[in-house]
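**Student:** Okay, here's what each chain looks like letter by letter:
There are 2 protein chains.
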Amino acid sequence: MTPSRTRTKPKPLSKSELAGLNAWFRAANYVSVGQIYLLDNALLERDLTAEDIKPRLLGHWGTTPGLNLIYTHLNRLIRQRDVDAIFLAGPGHGGPAAVANAYLEGTYSEVYPSIGDDGDGLKALFRQFSFPGGIPSHVAPETPGSIHEGGELGYVLSHAYGAAMDNPDLVVAAVVGDGEFETGPLATSWHANKFVDPTVDGVVLPILHLNGYKIANPTVPARIPRPELISLLEGYGHEVITVEGDDPADVHQQMAAAMDQAHDLIRAIQDEARAGKRSLRRKQPERPRWPMILLVTPKGWTGPDKVDGVQVEGTWRAHQVPLSETRTNDKHRAQLQTWLESYDPGSLFDDEGRLVESVRALAPVGTRRMSANPHANGGLLRKPLTIKDFREYAVPVKAPGGSVNEATKVFGAMVADIVRDNPESFRLFGPDETESNRLGAVYDATTKVFAGEILPVDEHLAHSGRVMEMLSEHTCQGWLEGYLLTGRHGLFSCYEAFIHIVDSMFNQHAKWLNTTRELDWRPPVSSLNYLLTSHVWRQDHNGFSHQDPGFIDHVVNKKAEVVRVYLPPDTNTLLSTMAHCLASKHYVNVVVAGKQPQFDWLDAEQAADHCARGVGIWDWAGNDEGDPEVVIASAGDIPTLEALAATAMLREHLPELRIRFINVVDLMRLQDEREHPHGLSDRDFDTLFTTDKPVIFAYHGYPWLIHRLTYRRTNHDNLHVRGYKEEGTTTTPFDMVMMNDIDRYHLVIDVIDRVPGLGSRAAQLRQNMVDARRRAKEWTREHGDDIPEVKDWKWAEEVDGDPAATSGTSADFA
Amino acid sequence: MTPSRTRTKPKPLSKSELAGLNAWFRAANYVSVGQIYLLDNALLERDLTAEDIKPRLLGHWGTTPGLNLIYTHLNRLIRQRDVDAIFLAGPGHGGPAAVANAYLEGTYSEVYPSIGDDGDGLKALFRQFSFPGGIPSHVAPETPGSIHEGGELGYVLSHAYGAAMDNPDLVVAAVVGDGEFETGPLATSWHANKFVDPTVDGVVLPILHLNGYKIANPTVPARIPRPELISLLEGYGHEVITVEGDDPADVHQQMAAAMDQAHDLIRAIQDEARAGKRSLRRKQPERPRWPMILLVTPKGWTGPDKVDGVQVEGTWRAHQVPLSETRTNDKHRAQLQTWLESYDPGSLFDDEGRLVESVRALAPVGTRRMSANPHANGGLLRKPLTIKDFREYAVPVKAPGGSVNEATKVFGAMVADIVRDNPESFRLFGPDETESNRLGAVYDATTKVFAGEILPVDEHLAHSGRVMEMLSEHTCQGWLEGYLLTGRHGLFSCYEAFIHIVDSMFNQHAKWLNTTRELDWRPPVSSLNYLLTSHVWRQDHNGFSHQDPGFIDHVVNKKAEVVRVYLPPDTNTLLSTMAHCLASKHYVNVVVAGKQPQFDWLDAEQAADHCARGVGIWDWAGNDEGDPEVVIASAGDIPTLEALAATAMLREHLPELRIRFINVVDLMRLQDEREHPHGLSDRDFDTLFTTDKPVIFAYHGYPWLIHRLTYRRTNHDNLHVRGYKEEGTTTTPFDMVMMNDIDRYHLVIDVIDRVPGLGSRAAQLRQNMVDARRRAKEWTREHGDDIPEVKDWKWAEEVDGDPAATSGTSADFA
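Note that the protein sequences, when read in sequence, are chains A and B.
The opening residue of the first sequence carries number 1 in this note's numbering; numbering runs sequentially from there.
The opening residue of the second sequence carries number 1001 in this note's numbering; numbering runs sequentially from there.
FYI, nobody ran anything at the bench for these hints, they're computed from the structure.
Idealized CB from N, CA, C, for every residue including glycine.
Treat the hints with care, as some may be off.
Just so you have them, the derived chain A footprint on chain B, three or more residues with Cβ under 8 Å [stated by the list, open to error]:
#: 1; segment: 1223–1229
#: 2; segment: 1290–1298
#: 3; segment: 1359–1372
#: 4; segment: 1444–1457
#: 5; segment: 1503–1510
Can you make the complete structure from the sequences, with help from the hints?
**Tutor:** Take a look at the structure:
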């Protein structure tokens, strides 16, 4: 390993160029401080009074000057080299910086005409920041040029790498705060540089901003020996270019040189890779060492050095508002005025409050402005996904339960075609689980991307490809979010239990989608689609730690307008559901489906109809003749299997009992139409579920969620839900359902216990069910496998002939 | 930086010592393979038949031989140097290894007498693994010597560092799988070495096991140039000792030398630090570079090289069961037999199936066995927390609302005393938020630990201390779990929204607690206590990304026996609640409380009574005289404030309306007593909430949770809940509650809308409330602050005199 240059020597800036850059930097700082503090007197036309100051000071100064410096120099690079770049602020709480630069570039006034580019506009800009009815304090969806809110730390690099994918000419500048540096998701996302294909992807330029402090502590990377930090960053695979100082003129020279050097390196790597594109797949080039910048400047740089005699600049005390009593404390207010004046606003804004032309000219033009770059407003660039009718992949189903398929395996062929038909705008993401989740058919069409060493033994691994696998759910999620927010399409396939790892990332994405719904200038982006498989009922081999269906519960807490949950019960319904989700916009779609061989229940047309309705009566399964005595409902593939097996036994042994069988694919149909756009009306719900008959509901996840969705329904008191009640271990599949009382035998018992007046035959059947459960348990413990009468069970193939007939040994229960 | 030794040269093992170690290694491998495959014929007394093989092969071979190698050599170190050590397997799916070694050490038979140390015991051990009614496939709670299940990857180092804290003589060997290496939580947890105090803490010895593959992919660290990986690990601050090979004899020599070298380094660092203990705080020693081992061996090492002509050993194909058809495929079965015989079981077990004495003698003795080390069964070592009566910290409360305190700030003094009174067994954990969460009083008693450079400007920062702050919720959670599972006490203080970052870690810990409840040999450990502050209603400065109360929803999905949720409404109730939680055992306690100045409602005795009941009528607030027309209920500090303000207005303007005011501290009281041990009986619930009167419930979090907890209650249909409905931004506190319709004015409207026959005065009051909301909104948007009539409001101080009197401008509403 050659040691990286730790400091660049040349001083590329002429005196006038330096002055210009520093003017922009001063202007950005001025507009940032103004936002944090000023209600009025935006141009300091008179001495500041208490009334000029906001009553509540909400904002973060500490990181802001660093962000302004970086933005300033990215603009220089863009202008000088016509670079297509976007800007992601890891320390997104430095919102004033992003807003200030968007304002100086003119974009802000274009997007929000009420905030003009003159003195009135500047005053309005200042006032609205962190002000009721105004804009948030972070780099929020409301901020032009942003795809990264930054309030929750850790995701800036994964977002950035997602944005860079399939954007060969894009430079994604990603500022990593040294506090954020300590988070887990950020720590591993450095390795995303091993998944970049320089022939088709753009580049991420990480800028680690070492300002030394968090809210109340020094940061780890600032307090380890610098050579150790460089060793770490080089170990992450980067060429490190260091810029360090506190004298703006000096730092400007260093930073300009660093940007040039970084961009030279980027172009050299890309040129080489793209020139040799064909040969890349044959011989193995060395993995590129992409550049990064280590920027070391004081926290709260250019702000108050000391306040009330205490050091503020360069310490954690500069994190939020360095001067906290500017409304009531004259000394503080005077210091604020001095601080603002230090940027010499008179030289930056003309008499009308407009940015002077010489500074304005330093902004890039049109969509080259990072605040106006359409890549940071992906809905502008998004094209509909090309996807064939799901029926082309559907499995033939002659009769319910007459055939067996692995739902995700069949879906894999659909994904392969989507990859083929959307070669530059669709990727599949997952933590080393694509094959495990039976989506391997996608490798007929593409490969997994890996820029590291590839050995002959590796399968489906190449420097180029459409499948992104890293054992980090955080990175997968961040990649996909970045990819979607820049206008493309994707799918995240994950073990159900471990999607909880990204609960908090989901929260932030759902909040982003919800906020942007109300921003006309941000057209919708593609939905974020989860395929959760290897689910709770089929983790019998991995045991309790892998058994958790609670992500659905987590998701439904977010705004109904942006979340959808689907539980397709078989292969064709999975295909129909996925086709719908993948083509949809601006939702988070959660689809839960198993990967193991399972019965097919519906053919393609039936599946299409059923999924369109989202919930429906399966007439072939029930015998209610429009007047049920009991409703058996299911949601999820395994609950549906058990519920159908229970129904079959009831129909065989209690043929006079009128059963309605309902399957729910779209979980949100259960909710009230006033609560969720997909919700059924009370009338429709009552028609389906009756107003007074017992409903035995077999549900995939935690049972109380069904109650939470239906508690206002007329028949809620008669609803009895079985689901996962946190019982599990390493065992057999049927033992898993028995442990949670959602097995066929227990569902029969539930029906018998809740339908009045069934008589002695039912009592006998009930006892037989109790015996069957005991026998199944004993068999399993003796043989280590499920009992044959369960394994061999299937729904009758000749529904018309004998609708209740079952194969297997069900006669034993008579 | 001096370059690390990348390979150790000496061959420390004599021929007989080598043979002994290899015999243990063979025995462990044999017992591992036997667990995965064999139902019977445990000692290969005859050729394997189909019936000898388990019908379902559930287990992971790939990582197992590496774990066995490491265990073997740790045992050598323990024996030779009398080291006190525990073993954490990051790749916890290699459960067979942990079980095998515990069995060979004799611990397994001691803990589970039904699994004897003879041939029958060996057969039973094999059979039970991953078998219904048996034991899980991972390093589960059932495994003696384990504090780390390892099913969910990423937490082994943070657990290990938590275990090492305040255990000065302990060596925590932590195996990091190279798959796990890619996860975010693991990636940052390397930096936990900057928070070790060598004077009082034990040491973590990380062993990065590079076996090259995950489920279906090469691993990142295996496919970057080795110098780059070394640079990364040195950048993490470690001295790296490399062991690499595939010839057991050679690897044994290397590994023995590496262990010696690592332990020499550890002792040198500790000796130096402890010798100079006093001077440590004065002058700054260089941060120690702790050793780690990089172990490179093939995946599935010593297993089948090829199967059906395809390479298996050294590839991802060895991840689970290398021979998958051993029951049905004679060739596979013969290969399994050859594989098992390769370990020469005849030389390892005597005629009765007992481990031969020469091998048995290689195990450490008694509690030096890692499988029997009490540190890995923390309930054995746990001593009750020393904690003073909370009343010593209570604030005087003359009348409800008569004083104002910052609840967490007052609680800080209690934490300070707990630190003083439990100097070696209590720590406070948090991601850079202790000061922000107003717990700064703890610094009267202690400091934050940081082993990096400390500057004069730093406050409360030292090489020794009780406060653990790193900007990684994952690391904080892992530390605390490791600390608790080894028998100590702790508290995690966190912003409410960002505790979702550890949702999945909470899941795993709750599952661990739930499983160990049923293991008699594992006494309970201290509860895991969360203090969630800077909560949803008081993140008006950070905005939408910081507003999420859903962790409660997440927690209540886990087994009722291990989860508790508390919402203390004021300072004294917070003190009472925390005292209870900190002293409790084997729960996860979630406490949500604000850090901002808030009214006190209850004095110490009232708080004690109220918290003991968990829910109660506040007679002083209501006027129902035992016969309410409406119930106003609250849970959470801000909802309680709004609900009381609403009650005051109603009592002033509709004095004839009989209102019952109920406050809920212990959320689980709402649930049915059959669902949760804290649940109220239906009778008690009905007595409190009535069976037929409207209940207006102001709740801290997502409102539907209250419905989910109460849907079976008699009066549920009359329950109307207000809470956070995912509306938020940067604004004022009162605007936040208005945005979510949980403000005092809206609660009054809710009451008027639901109590029949209130007449025209109520109609007028309702209109006044609508006007008040509009006026409050306008005021806020104009002034950037909350309206004075809200800011100045307080509950009457003279409750007896005029219970409904309020200050402020409430008369406006008449």
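**Student:** All hints, please: hold or fail.
**Tutor:** The hints, checked one at a time:
1. 1223–1229: holds (count 6)
2. 1290–1298: Since three or more residues must qualify, the claim that chain A covers the segment 1290–1298 of chain B is violated, with 0 doing so at under 8 Å.
3. 1359–1372: Our answer is that it is violated, as 0 residues pass the Cβ test (under 8 Å) against chain A, missing three.
4. 1444–1457: Coverage by chain A holds here, the residue count being 7 at a Cβ distance below 8 Å.
5. 1503–1510: holds (count 4)
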